[in-house]
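Asker: Sequence:
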Amino acid sequence: MRGLDKLAGASVDIILTSGETTQFGPLQITMGDCRYPKGNPNGDAFVQLSIIDSNTHNSAFEGWMVASSPALNAMDHPRYDVWAIRCKLDDRTPSVVAGESSPRPLERPAGLGGN
605 MRGLDKLAGA SVDIILTSGE TTQFGPLQIT MGDCRYPKGN PNGDAFVQLS IIDSNTHNSA
665 FEGWMVASSP ALNAMDHPRY DVWAIRCKLD DRTPSVVAGE SSPRPLERPA GLGGN
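According to the working numbering, the sequence shown is numbered sequentially starting from 605.
One or more of the hints may lead you astray.
[Said to hold, decoys possible] No farther apart than 20 Å at their CA atoms in a straight line, the calculated lysine to aspartate or glutamate pairs in the EDC-like style are these:
{"hint": "1", "residue 1": "Lys-610", "residue 2": "Asp-685"}
{"hint": "2", "residue 1": "Lys-610", "residue 2": "Asp-680"}
{"hint": "3", "residue 1": "Lys-692", "residue 2": "Asp-637"}
{"hint": "4", "residue 1": "Lys-610", "residue 2": "Asp-657"}
{"hint": "5", "residue 1": "Lys-692", "residue 2": "Asp-657"}
{"hint": "6", "residue 1": "Lys-692", "residue 2": "Asp-609"}
[Stated by the list, open to error] Pairwise CB distance ranges (calculated):
{"hint": "7", "residue 1": "Pro-630", "residue 2": "Gly-667", "range": "16 to 24 Å"}
{"hint": "8", "residue 1": "Lys-642", "residue 2": "Ser-673", "range": "12 to 20 Å"}
{"hint": "9", "residue 1": "Ser-615", "residue 2": "Ser-672", "range": "35 to 43 Å"}
Derived by calculation from the structure, the hints in this document are not laboratory data. A virtual CB, placed ideally from N, CA and C, is assigned to each residue, including glycine.
Could you build all of it, start to finish, from the sequences and the hints given here?
Answerer: Written out as structure tokens, the structure is:
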């Protein structure tokens, strides 16, 4: 991931493994999981994050970020920005079949179209 302090104009690379937590400014960032399309580890990484602002004790972000579409589900914080870049590959990094974001298919909520 990458973090940006918008006030200072400084960015930093943030490397986490599944379940690991780190501090970026007042943000406590916990990565739940990182997944990528099978056969394309530098492709569309999906990163599950929980980000808490320790100044306010409020959630700044909770959910999945998609590396190729950072605005799709972006963190909203007045000073800091965090976004996914890619998964660092190791034996514990799961891949998913193209078109899936997790081993369990996502389900469309009723009433939002589709079949």
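Asker: All hints, please: hold or fail.
Answerer: How the hints compare with the structure:
Between Lys-610 and Asp-685 the CA atoms are separated by roughly 7 Å; this keeps the pair inside 20 Å, and the hint holds. Annotation: proposed proximity of Lys-610 to Asp-680 holds, straight-line Cα distance about 12 Å (limit 20 Å). Distance check on the hinted pair: Lys-692 and Asp-637 sit about 11 Å apart at the alpha-carbon level, within 20 Å; holds. A C-alpha spacing of about 15 Å is found between Lys-610 and Asp-657, which places the hinted pair at or below 20 Å, so the restraint holds.
With a C-alpha separation of about 25 Å, the suggested pairing of Lys-692 with Asp-657 is violated against the 20 Å cut-off. Taking the CA atoms of Lys-692 and Asp-609, the gap is about 23 Å. The hint is violated against a cut of 20 Å. A hinted range of 16 to 24 Å for the beta carbons of Pro-630 and Gly-667 is consistent with their spacing of about 20 Å. Restraint check, Lys-642 to Ser-673: a C-beta distance of roughly 19 Å satisfies the suggested window 12 to 20 Å.
Taken as a hint, the range 35 to 43 Å is violated for the pair Ser-615 and Ser-672, whose Cβ atoms sit roughly 19 Å apart.
Of the numbered hints stated above, those contradicted by the structure are hints 5, 6 and 9, listed in ascending order.
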